[in-house]
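> Residues per chain are reported as follows:
Protein chains: 4
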Amino acid sequence: MIRVGIVGATGYGGRELLRLLCAHPDVTVSAVASTSAAGKQLTDVLPGFQGLLDITFETFDAKSLAEKCDVVYLGVPGRESMELVAPLIQAGVRVIDLGADFRLKDTAAYQEYYGTTHTQQELLSKSVYGSAPDNRAELKTAQLVAGPGCFPLSVLIPLQPLIPLAKPDIPVVIDSVSGISGAGRTLNQIYHFPEMNENVRAYKIGVHQHTPEIEQELNNEVLVQFNPHVGPYTRGILSTITVRPTASIDFEKCYACYDNEPFVRVLGEDTIPDLNGVTGTNFIDFGWKQDARTGNLIIVSAIDNLVGGTAGMAIQCMNIMFGVDETSGLRLGGMTI
Amino acid sequence: MIRVGIVGATGYGGRELLRLLCAHPDVTVSAVASTSAAGKQLTDVLPGFQGLLDITFETFDAKSLAEKCDVVYLGVPGRESMELVAPLIQAGVRVIDLGADFRLKDTAAYQEYYGTTHTQQELLSKSVYGSAPDNRAELKTAQLVAGPGCFPLSVLIPLQPLIPLAKPDIPVVIDSVSGISGAGRTLNQIYHFPEMNENVRAYKIGVHQHTPEIEQELNNEVLVQFNPHVGPYTRGILSTITVRPTASIDFEKCYACYDNEPFVRVLGEDTIPDLNGVTGTNFIDFGWKQDARTGNLIIVSAIDNLVGGTAGMAIQCMNIMFGVDETSGLRLGGMTI
Amino acid sequence: MIRVGIVGATGYGGRELLRLLCAHPDVTVSAVASTSAAGKQLTDVLPGFQGLLDITFETFDAKSLAEKCDVVYLGVPGRESMELVAPLIQAGVRVIDLGADFRLKDTAAYQEYYGTTHTQQELLSKSVYGSAPDNRAELKTAQLVAGPGCFPLSVLIPLQPLIPLAKPDIPVVIDSVSGISGAGRTLNQIYHFPEMNENVRAYKIGVHQHTPEIEQELNNEVLVQFNPHVGPYTRGILSTITVRPTASIDFEKCYACYDNEPFVRVLGEDTIPDLNGVTGTNFIDFGWKQDARTGNLIIVSAIDNLVGGTAGMAIQCMNIMFGVDETSGLRLGGMTI
Amino acid sequence: MIRVGIVGATGYGGRELLRLLCAHPDVTVSAVASTSAAGKQLTDVLPGFQGLLDITFETFDAKSLAEKCDVVYLGVPGRESMELVAPLIQAGVRVIDLGADFRLKDTAAYQEYYGTTHTQQELLSKSVYGSAPDNRAELKTAQLVAGPGCFPLSVLIPLQPLIPLAKPDIPVVIDSVSGISGAGRTLNQIYHFPEMNENVRAYKIGVHQHTPEIEQELNNEVLVQFNPHVGPYTRGILSTITVRPTASIDFEKCYACYDNEPFVRVLGEDTIPDLNGVTGTNFIDFGWKQDARTGNLIIVSAIDNLVGGTAGMAIQCMNIMFGVDETSGLRLGGMTI
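Heads up: the protein sequence lines correspond to chains A, B, C and D, in order. Under the numbering used here, the first residue of the first sequence is numbered 6, with each subsequent residue one higher. Under the numbering used here, the first residue of the second sequence is numbered 6, with each subsequent residue one higher. Under the numbering used here, the first residue of the third sequence is numbered 6, with each subsequent residue one higher. Under the numbering used here, the first residue of the fourth sequence is numbered 6, with each subsequent residue one higher.
The set of hints was computed from the structure by calculation and includes no laboratory data. No residue lacks a Cβ here, since even glycine has one placed at the ideal position from N, Cα and C. Don't take each hint at face value.
[To be verified] Derived Cβ-Cβ restraints for the label pairs, each shown as a range:
id	chain 1	residue 1	chain 2	residue 2	range
1	C	GLU143	B	THR112	54 to 64 angstroms
2	B	PHE256	A	ASP264	56 to 66 angstroms
3	B	ARG298	C	GLU143	22 to 32 angstroms
[Unchecked claim] Far from chain C by the CB rule (all over 12 angstroms, computed), these chain A residues:
id	residue
4	ALA28
5	PRO82
6	ALA113
7	ALA114
8	GLU117
9	GLY120
10	ASN140
11	PRO173
12	ASP275
13	GLN295
[What the hints assert, rightly or not] Interface residues of chain A toward chain B, partial, derived using beta-carbon atoms under 8 angstroms:
id	residue
14	ARG20
15	ARG24
16	PRO30
17	THR239
18	PRO267
19	ARG270
20	ASN281
21	ILE325
22	ARG336
23	MET340
24	THR341
Start from the sequences and build out the full structure, keeping to the hints where you can.
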């Protein structure tokens, strides 16, 4: 059994992780740590775990966590991970960070998009970007994994194999719609039910922090015009990606890299996914349309932002890190299958 | 491994069952049968199962199913189960029927509420009503299990222990709201998205077929006024139950029967559940309020109609029938935990 | 033209009122007052009114409002109306209060349910409960109108004519489901989109402040068991009302009082309304079912909590008060007609 | 009073038109015609109109309609308008077609996108595209108005003034999300509530029939990559439009044409609209973002597909045709203002 600790389990990402770990056959949840909830029963804070997990929140203590756990997940607010990772790594426990602090290798970009200085450049250089299809080999021995953003995963998996064929001077246009869980639990007038219901919002156009993350993982070979939206539902991202190819594409060859990926479902040309197939699952589904009239290729991908886009992918990384079946705990079908 | 067959997997109940069975560690799905889909790949009909289950629909054949399976689930339309159960039982395989044909012991009530004659009275007398908390002992050896209705489960579990204390001459008032998945996949103008969205509907007041089922399982000791509704969401039933007690109630004693039930969460007085804790789970949550002013007791229960109200309960029954851990495949937390 | 002032237009009730008044052919909006927004353009605070209403918020000043307006609506938080009404009435302007301060004639009940002392008993005795069908004559000359609660209107209109026929010793059971706009604009974790979406909640069972209001307007001849709920949508209340009649009811005679009511649609026996017919309108629709088996009568009513349940009814009262066509500004059909 | 007739009032567009006309102070609904409903009361077919409109469906008869009406709206299925317009025009009544038959001037494009031959080329050449801001002068005397598509209106109004400044060789990328009412009332498994709820779908990418309509009204000066989607809500379109400008743009000058448009709200740079401001209204709101990093201009527009995108715009055209106040019957604020 993999002994798992979680620091910060009360946001949507951390809760989802804990929910999935409860059903994971190769995992024991050994510790949950939280500054605000230390000393409380998990079920006092998150009553939905009654009957699933009987554990008490402890104060964050790197040594204690390293003794009890083989791996520690961090689900803390942005910028806090920077402080917590170093002592954990030093204490000898492997770390998977659900947050954004260790995703961008370029600290200037981090400064620009997150508004704060990166204080852990050495650790940053050792972190592995936690996309299982892209970095499976490095994950096996990674000490620190940076869980990707949900929007980037929805874009990178269909796009990475095609980038050599995209025109470098014309930005790839990415219009994504996310469920509101992507905006987190913090209260905000715009996410008050009556103001988000029956509504769609575009936000942070051109300045969203996932922009440099996407470009980094595309080797900075293209610019991306990332237009994020939220829609009136809880889970799932649909990304519509418009690319101008330089030449005709052999999709079978391009996407052969995913033939044995357990959670990447390449639906093929003219088969466009929706969220029904992925909600509640670790799958990413994508298909595409070639528009001969305009010369564009349009790819549509679907992912559950909390599972395939966050907690499920983080568990898949853990499975790889510890050598258990990569699909363990993740053989879940869509809630509207 | 329990070898499982499913007849009729394309309705919402059957799909959900299949979805849960894919993640069940003690189960192999050995056969799926369907008249309309025979010969087709499961994933041609239900593409969401790509990467989860590689199997082909076969024609219904009782002997063949009995050879391949330890238990067969029926997820067929009402009235069809009557024809299929007899040959399956005769061929020696145990059967769990998700439908309504074997729930009502009173064939006159069946005739009245389902509009057709019951042709299998002998089998009916042997069927076990598939409520794990109520009939655990009988389930161990049951050959035929009648999976309960979703509304009845939401009502019976909180109400059964209290019935001796309810006034017999004043009907118990049950106002339930179900998600639209409870109405099934068949197209209907009233469930077309724009006509059900932002809407709530009452339907079949006083004539819903779950009324006699609830009364039967309350030993016909009280009348129930069952007022069913559907609301603008997919999954979950919230039942608000108004009872006039004859005397003060010792709830701790009454509900002690659930102390060791793995999926019954008795929240207690003044703790009212909502759907967040149960959606996607096999739990039933309930709490209550004593209204001294009116003399009423109001109980509120929450259940996922497709899991705790159908497929999850059916799996729990199977776990009992085959002696595996009763919670196997069912340790799932709420989608909004 | 009726010159109208509004104090407190930023809550959902006040906004809806302003929205409807913009389209009212016999109304000029002469003043909007707000402590927090004084000096700001209305459209700076509520940008949706661009192109509809060009006006600046002023500080509350009773004399000034009385000069500019024939009637002032109050859409302020609970308990604040008590302070504002007296100077307005004294300054000679008629007042329609959307809030709860002048609904309950019994100040002890007000104290119990609203948690504060009523300081304006004299004004209270003069206030008219603003239900047009019930109090049309009094409204014509009313100086102070107490706009009813949204839940009470959904219940009183179908129930008032029947009360002489209900058993007095058995409480009427009222299960209502409201859209989330009924809970107001104030942020609350339980109304954060991802936590209310796909959810139904019961709340304040037995202690909701609309309970004594309903009983008062039923002349305290029956007790009501009021079980309020919120569902995952924005507007509309569906109330399911279970009554035990003492004798058979001549519905045609009972409901003849509504034959000429412009906004009461009596659908009749076995015709059950839903919200589609009323959302965005001033109508209340209701129908009923007699359940011979249980001896109960079940009435279902539908209303838009913000229009027929608040702002629309308040405008209908104003139309009566000022002798214009009672339907003026209110001939609106359902958003899903 | 303008005497109005409607042929085909049972689809969502026709119902919405009728709903708005009931509240229009300068309109009398003189006739409703329908093949399937002839002889029935309107309220038997559309019970939501009880208390609003007392009229009986008649058989379509051009002469009779021309006698009773000053203008006839057509809300019939695609391809049927072609047959109905000629006799109406011949009988001397003006016609506003809500459908698509008279939008495309290029009959080859009509054939390609609608799959049928256009049989009324002469009428087609006389039809006026019913965009009030673009064709106000022609509308005054138009005999036949082709009501625009809802997606095109959301795109054309912000885009038309900018087209001279867009790169002609790089397609404008338009990602639009519409509420499900845009897909009509016809039942379809994908719009069954549980399959569209919590879902987003892309559809008809590159082949949607609104593509040639948009390009025609942009004078065929650019190609558009039109990627339409539907989201889990009833009303409203949010269009996100990515343009590559050839030069810096003087927006104030570009959009000065809308300074006096009553229903075009130019929100300005960095002010991005959402649907709350437009649902239920005839407004189109738009704002934009210049992305210096990518060199793109991103415009976001919001419209109610049934009002500003269909019925409201058709009424605005009628107001212009008959010389009444252009905003008459349309001074409606957003349902979530």
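> All hints are to be evaluated individually against the structure, with a verdict given for each.
Do the hints match the structure? See the list:
1. For GLU143/C and THR112/B, the Cβ-Cβ distance of about 59 angstroms falls inside the hinted range of 54 to 64 angstroms, so the restraint holds.
2. About 58 angstroms separates the C-beta atoms of PHE256/B and ASP264/A, a value consistent with the hinted range of 56 to 66 angstroms.
3. A hinted range of 22 to 32 angstroms for the beta carbons of ARG298/B and GLU143/C is consistent with their spacing of about 30 angstroms.
4. The claim that ALA28/A lies off the interface holds: its Cβ sits roughly 20 angstroms from the closest Cβ of chain C, which is beyond the 12 angstroms cut-off.
5. The Cβ of PRO82/A sits about 17 angstroms from the closest Cβ of chain C, beyond the 12 angstroms cut-off, so the non-interface label holds.
6. For ALA113/A, the non-interface assignment is confirmed: its Cβ lies about 34 angstroms from the closest Cβ of chain C, beyond the 12 angstroms cut-off.
7. Chain C leaves ALA114/A outside its interface by the beta-carbon criterion, the shortest separation being 29 angstroms against a cut-off of 12 angstroms.
8. Its beta-carbon lying about 29 angstroms from the closest one in chain C, GLU117/A satisfies the requirement of being farther than 12 angstroms from that chain.
9. The Cβ of GLY120/A sits about 24 angstroms from the closest Cβ of chain C, beyond the 12 angstroms cut-off, so the non-interface label holds.
10. With a minimum CB-CB distance of about 30 angstroms to chain C, ASN140/A clears the 12 angstroms threshold, and the non-interface call stands.
11. Consistency note on PRO173/A: stated as away from chain C, and its beta-carbon is indeed over 12 angstroms from all of that chain's, at 39 angstroms minimum.
12. In this structure ASP275/A is separated from chain C by more than 12 angstroms, as the shortest Cβ-Cβ distance comes to about 32 angstroms.
13. The non-interface label for GLN295/A is consistent with chain C: the shortest C-beta to C-beta separation is roughly 36 angstroms, beyond 12 angstroms.
14. The interface hint given for ARG20/A is met, as the beta carbon of that residue sits about 5 angstroms from the closest beta carbon of chain B, less than 8 angstroms.
15. Contact between ARG24/A and chain B, as hinted, is supported at the beta carbon level, the nearest pair being about 4 angstroms apart and thus within 8 angstroms.
16. Satisfaction of the interface hint for PRO30/A is found here, the shortest Cβ-Cβ separation to chain B being roughly 6 angstroms, below the 8 angstroms cut-off.
17. For THR239/A, the interface hint holds, the least distance from its beta-carbon to any beta-carbon of chain B being 7 angstroms, beneath 8 angstroms.
18. Because the closest C-beta pair between PRO267/A and chain B is about 6 angstroms apart, less than 8 angstroms, the hint holds.
19. Against a cut-off of 8 angstroms between C-beta atoms, the interface hint on ARG270/A holds, since the closest Cβ of chain B lies about 5 angstroms away.
20. For ASN281/A, the interface hint holds, the least distance from its beta-carbon to any beta-carbon of chain B being 7 angstroms, beneath 8 angstroms.
21. Among the interface hints, the one on ILE325/A is violated; its C-beta lies about 17 angstroms from the nearest C-beta in chain B, farther than the 8 angstroms criterion.
22. Hint on ARG336/A holds. Least Cβ distance to chain B is approximately 5 angstroms, under the 8 angstroms limit.
23. A distance limit of 8 angstroms between C-beta atoms decides the matter here; for MET340/A the minimum to chain B is near 7 angstroms, and the interface restraint holds.
24. Below 8 angstroms, beta-carbon pairs count as interface contacts, and THR341/A has one with chain B at about 7 angstroms; its hint therefore holds.
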